[in-house]
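Protein chains in written order, with this note's numbering: chain R, 1 to 441; chain S, 1001 to 1287; chain L, 2001 to 2299.
If you're looking for bench data, these hints aren't it; they were derived computationally from the structure. Among the hints, erroneous ones may be present.
Simulated pairs of lysine-lysine, BS3-like, Cα-Cα distance not exceeding 25 Å [claimed, not checked]:
#1 L:K2051 / R:K76
#2 R:K421 / L:K2295
#3 R:K44 / S:K1218
#4 S:K1115 / R:K44
#5 S:K1074 / R:K76
#6 R:K149 / R:K299
#7 L:K2051 / R:K421
#8 S:K1274 / L:K2291
#9 S:K1138 / R:K314
#10 S:K1115 / L:K2051
#11 R:K149 / R:K175
#12 S:K1176 / L:K2221
#13 S:K1115 / L:K2108
#14 S:K1118 / L:K2043
#15 L:K2106 / S:K1013
#16 R:K76 / S:K1138
#17 L:K2051 / S:K1138
#18 S:K1074 / R:K44
#19 S:K1202 / L:K2106
#20 R:K329 / R:K314
#21 S:K1274 / S:K1218
#22 R:K225 / R:K314
#23 R:K175 / R:K239
#24 L:K2291 / S:K1118
#25 S:K1115 / L:K2106
#26 L:K2043 / S:K1274
#27 L:K2295 / S:K1118
#28 S:K1218 / R:K76
#29 S:K1176 / S:K1202
#30 S:K1048 / R:K149
#31 R:K76 / L:K2043
#32 S:K1138 / L:K2043
Examples of chain L residues toward chain S, derived with CB under 10 Å [as the list claims (entries may be wrong)]:
#33 Q2017
#34 V2030
#35 M2044
#36 S2094
#37 F2098
#38 K2108
#39 S2125
#40 F2130
Note that beta-carbon positions come from the ideal geometry of N, C-alpha and C, so glycine has one too.
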Amino acid sequence: MKVKKLLVMALVMMSCVTMLFASPAKEEATKTDEPINIVFLTHKENEEATFARYIAEFQKSYPNVSITYEPIHDYKSNIEIRWTSGDWGDMCMIPHQFLPESELPNLFASLGTVDEFDAKYEFASAFSFEGQVYGISSTGTAYGVLYNKAVLEKAGVTSIPKSPEEFYAALEKVKANTDAIPLYVNYGAGSRLADWEWNARGSLTADANYKNKLIYMVNPFEKGKPYYTVMEMLYNVVKMGLVEDDPATSNWDTCKNLLAQGKVACTVIGSWATIGTQQACETPEDIVFAAFPWNIDGKQYATIAADYAYAINKNVTGEKLEVCKAYIKYLSEDSNFSYDYGGIPIMKGQDYPATLTGLQEANVTLVLDNPPLQQDAGLFDEVNSESELYLGKYPQKARIVEAAMGQSDETFDQIMDDWNKRWTSAQIAVLGPDYASASKY
Amino acid sequence: MAHYRENRISRIKGALRLVLRYLSLAIGTFISLVPLVTVLFASFKPTKEYNSTGVLQVPANWLNFENYLTAWTKGHMGLAFTNTLLILVFTLIGAVLTGSMVAYVISRFDFRGRKLLKGAFLVANLIPGVTMQVSIYKIMTSLSLVNSIPGVVILYTGTDIISIYIFLQFFESLPKSLDEAAFLDGANYFTIFFRILFPLVKPAVVTVAILKGVSTYKEYYIANLYLQSKTRFVTISTSLYAFTGEYGNQYNYICAGVIITIIPILVVFLLLQKYIYNGIASGAVKE
Amino acid sequence: MTTKNGLQHFFSERRHQQALVIMVFSLVPVTLLVLFTYLPFAKMVEFSFFKMKYIGPRTFVGLDNYAQVFSRTDTVKALLNCFYYMGAGVIQLSLSLFFACLLSFKLKGSSFFKATLFIPYLVCSLAVGFIFKFFYSRGLVLDTVLQGLGINLESLPYWLKDRAVNNYSIAATSIWRYMGQSMVLYIGAIQSISPEFFEASSIDGATQWQQFRYIMLPHLKPIVALTILLMIKGSFSAFEGPYVITYGMNGTATPVVLMHQLAHEANKVGLASAMAVVLLALILLVSWIQKIIEKRMGD
Chain R
1 MKVKKLLVMA LVMMSCVTML FASPAKEEAT KTDEPINIVF LTHKENEEAT
51 FARYIAEFQK SYPNVSITYE PIHDYKSNIE IRWTSGDWGD MCMIPHQFLP
101 ESELPNLFAS LGTVDEFDAK YEFASAFSFE GQVYGISSTG TAYGVLYNKA
151 VLEKAGVTSI PKSPEEFYAA LEKVKANTDA IPLYVNYGAG SRLADWEWNA
201 RGSLTADANY KNKLIYMVNP FEKGKPYYTV MEMLYNVVKM GLVEDDPATS
251 NWDTCKNLLA QGKVACTVIG SWATIGTQQA CETPEDIVFA AFPWNIDGKQ
301 YATIAADYAY AINKNVTGEK LEVCKAYIKY LSEDSNFSYD YGGIPIMKGQ
351 DYPATLTGLQ EANVTLVLDN PPLQQDAGLF DEVNSESELY LGKYPQKARI
401 VEAAMGQSDE TFDQIMDDWN KRWTSAQIAV LGPDYASASK Y
Chain S
1001 MAHYRENRIS RIKGALRLVL RYLSLAIGTF ISLVPLVTVL FASFKPTKEY
1051 NSTGVLQVPA NWLNFENYLT AWTKGHMGLA FTNTLLILVF TLIGAVLTGS
1101 MVAYVISRFD FRGRKLLKGA FLVANLIPGV TMQVSIYKIM TSLSLVNSIP
1151 GVVILYTGTD IISIYIFLQF FESLPKSLDE AAFLDGANYF TIFFRILFPL
1201 VKPAVVTVAI LKGVSTYKEY YIANLYLQSK TRFVTISTSL YAFTGEYGNQ
1251 YNYICAGVII TIIPILVVFL LLQKYIYNGI ASGAVKE
Chain L
2001 MTTKNGLQHF FSERRHQQAL VIMVFSLVPV TLLVLFTYLP FAKMVEFSFF
2051 KMKYIGPRTF VGLDNYAQVF SRTDTVKALL NCFYYMGAGV IQLSLSLFFA
2101 CLLSFKLKGS SFFKATLFIP YLVCSLAVGF IFKFFYSRGL VLDTVLQGLG
2151 INLESLPYWL KDRAVNNYSI AATSIWRYMG QSMVLYIGAI QSISPEFFEA
2201 SSIDGATQWQ QFRYIMLPHL KPIVALTILL MIKGSFSAFE GPYVITYGMN
2251 GTATPVVLMH QLAHEANKVG LASAMAVVLL ALILLVSWIQ KIIEKRMGD
């Protein structure tokens, strides 16, 4: 008995030790014919088939290279913990607007200069610092509204709304004339609420520097300013009962299916949602992505933003670094990734995927945030973090919906006042009391 | 006559008590199982049907095991079961050994630091460790324990006050005269522990194995963070994440997977429970 | 003389042996404890004095973060939400004690009931969000059951949307999830009671209630005390339920949900760490009070 137990214990320890030492040692720069293995952390789960296709394609030119994809669930919560260790793999995806620009060189290898990339690539500066590029966006997303045109037609709406008034009128018509939910607000899904906010930048202002100006703007959330307008629309649609009956239990998967079945008329979201909804729909041509209901002298704009970007660990050197760069080049230029996911193509001059032709036909101008001036790098994130307004994220938008649902006694104006107050004190804390005069835009 | 009536009354009372018992158990069972009805329904619906029907609509075909097949193959659940089994075996050995040894030391010896030892394990279980993961991750990297099964085994084995308490409870119910006699017979403490006391606390081992086993089996955060290569180190708790994503979840597969993961552990539970539930017979008679 | 010497020798050797056993048996567990709990905890305490993100430079701010923890209003609100989970915890433990005792007496079909009551504990957290969003959706699972009992849908609240009930709804899911776990724990403890007690008591004509009151309950005291303590900790650090079901929105944020949001969404790692330290102090305080009450009741 005793012997047996001791034996088991010894075995446990031995196996621990052997497994410990068996774990692969760090690879150094290798010679050409020696095999190179690249570990690639990705947020895309459930995509093994697609990745296998890319790897096979890439190996035609680099036969001695193998690539291991590691999908990570809940990527944004986990990836930071892994980055802090330094030893996290060779390549990864950087979530968009996740890291202050100044941190990029501490984590990733430079891929080249912005000027080099800008000639060929969209979003060349989205992940750059001091003129160096650290990440290449995998695709792009436009923000706006996803409609089921058949529902609109059934309700008697003949054209896609181009102003808030037309938008409300269309939704009211859907409510009166059909059984469909006019707008699915997706409150229960949390992060989807953030999609409203993007429209307050490019779509409403046509100004590529609007995000940068926010850093220095005095009370950017007061009445009449873009953020107020967009957030008020979110408040109003909920308040007017134009959304699902029980938003607290809603989720994106349900939204997608209801939209595809014509039980929902529209939802405010990013263009990435188009392809999935079309695939779920029997008449895909009814699902159209359009710009946010707003126009400037009849002309429509849509905010576009980079998506997750490819990046290389700064500890990768030598030939492996070159291989990693080549793989990014392959993914960006030849893999068709943007088309596979119905996103905005990453290479300049490429045609838009079929899912987004609606935008092109409506002659919508796409507006991409400019990177901040060098001295402003990282400032937006700092003011944002300090203020806890979670711009680009959902928590404060949830607050607006809750007020509109009658679940809190705040009025919309009180919330916006609070936003202004928080933003102002964060501006003072980060930039000093004379923040407004420091703007260079 | 009076005796007969009394007998009848007590019999009615007994019957009533029995009815109440079964009634409360039936209600408990109903509440336990009703929330799972959505999972069961969804697990039999093909994607198209799942997308187009309500969650409370009965599946068109109860014999459609396609989702189960997909969950099994695309979720790599075969490999996941192997990995989880490996992790479970070592974690349970580790948890049972460490738990019983610490409990033995605390229950049998009076030494300086005994209270401190017990307190240290207790307090460790009270820390809300939201921002501790970064440091733990760094320690794990410096020990090269990331992406290795021994790494997660060590983290799971770590500290678990519940196992220690379960063992304490059992050790304290064993008379100390037992060790005393053995000691006077010339046995040393190691022999006493491994050969005399340990075999006597089998029910505790089974209880710990069930509770620790289930929590390890389900544990997702550590598995997700430390077993990074999902192709090599996928576990039962992380396998279903193959069907989720920022842009949508395939719930019909997830639901099938949930049922696949529940079944084996339920079978093990049923097999094991007779070892702990040897039954205090109602009245004096042992089963 | 020789016997005395031998005895002395015997004792000293016994003490040595004891020391050896204590060291050998606690070496591995204590190492793991220090390495993976106390060391990271010390780090967390260190973090709480800095203004910092997970990544990037940090600045020492002294007690600023602690001052903030006490001056914010959302921390208090989140803390108050813990009481819903404490209430649910009391119900959960009472129910599991009830079922554990019921199932410890001889009863036909008890294996079946043990298994069914244990099933919810086997469901992984990924599925919990899915299950309860639909369970509480307007007109779906719960509403259907209640309508079956003759309750009008109009008179029912929106279980997650209405702030008047949503915390109850989420706390109730923790009863559902963890009842089976504490039940098994209690059943296990009941099994450690020597059967002779029951035999002797039955011969004396004790009823099952008396057996419960005078044999089981006293014996279960330490494990009940531990589960109460862990329940208190669990309620103060409730996370998974509110996180997977409502993301802590609509007034359902608990302290840990708030910390998670501050650390991961607002990048205020120092502040979140300070909150965690304060929360631990609070848990220790409450568990100390619990101990005093226990002692009082014991006397």
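The hints, checked one at a time:
1. L:K2051 / R:K76: Holds - the C-alpha atoms of K76 of chain R and K2051 of chain L are around 21 Å apart, at most 25 Å.
2. R:K421 / L:K2295: 51 Å, violated
3. R:K44 / S:K1218: This hinted pair holds, its Cα atoms lying about 23 Å apart.
4. S:K1115 / R:K44: Answer violated: K1115 of chain S to K44 of chain R is near 49 Å, above 25 Å.
5. S:K1074 / R:K76: 24 Å, holds
6. R:K149 / R:K299: 21 Å, holds
7. L:K2051 / R:K421: 21 Å, holds
8. S:K1274 / L:K2291: This hinted pair is violated, its Cα atoms lying about 35 Å apart.
9. S:K1138 / R:K314: The given pair, whose Cα atoms are some 18 Å apart, holds under the 25 Å limit.
10. S:K1115 / L:K2051: 36 Å, violated
11. R:K149 / R:K175: At roughly 15 Å apart (the allowed maximum being 25 Å), K175 of chain R and K149 of chain R satisfy the hint.
12. S:K1176 / L:K2221: Within the cut-off at roughly 20 Å; holds.
13. S:K1115 / L:K2108: 43 Å, violated
14. S:K1118 / L:K2043: OK: K1118 of chain S and K2043 of chain L at ~23 Å, within 25 Å.
15. L:K2106 / S:K1013: 17 Å, holds
16. R:K76 / S:K1138: This hinted pair holds, its Cα atoms lying about 18 Å apart.
17. L:K2051 / S:K1138: 20 Å, holds
18. S:K1074 / R:K44: Holds, because 14 Å separates the two Cα atoms, which is no more than 25 Å.
19. S:K1202 / L:K2106: 21 Å, holds
20. R:K329 / R:K314: 17 Å, holds
21. S:K1274 / S:K1218: Answer holds: K1274 of chain S to K1218 of chain S is near 23 Å, not above 25 Å.
22. R:K225 / R:K314: 41 Å, violated
23. R:K175 / R:K239: 14 Å, holds
24. L:K2291 / S:K1118: This hinted pair holds, its Cα atoms lying about 15 Å apart.
25. S:K1115 / L:K2106: Distance ~39 Å between K1115 of chain S and K2106 of chain L Cα, so the pair is violated.
26. L:K2043 / S:K1274: Measuring from Cα to Cα gives roughly 45 Å; hence the hint is violated.
27. L:K2295 / S:K1118: 18 Å, holds
28. S:K1218 / R:K76: 22 Å, holds
29. S:K1176 / S:K1202: Satisfied, since the Cα-Cα distance of roughly 18 Å is no more than 25 Å.
30. S:K1048 / R:K149: 22 Å, holds
31. R:K76 / L:K2043: 22 Å, holds
32. S:K1138 / L:K2043: Holds. K1138 of chain S to K2043 of chain L sits at ~11 Å (cutoff 25 Å).
33. Q2017: With Cβ-Cβ at 6 Å, under 10 Å, it holds.
34. V2030: 7 Å, holds
35. M2044: 5 Å, holds
36. S2094: Check failed: Cβ of S2094 of chain L comes no nearer than 12 Å to chain S, outside 10 Å.
37. F2098: Holds, because the Cβ-Cβ distance from F2098 of chain L to chain S comes to roughly 8 Å (cut-off 10 Å).
38. K2108: At about 9 Å, which falls below the 10 Å cut-off, the nearest Cβ of chain S leaves the hint on K2108 of chain L intact, so it holds.
39. S2125: S2125 of chain L check passes; min Cβ-Cβ to chain S is 6 Å, inside 10 Å.
40. F2130: 6 Å, holds
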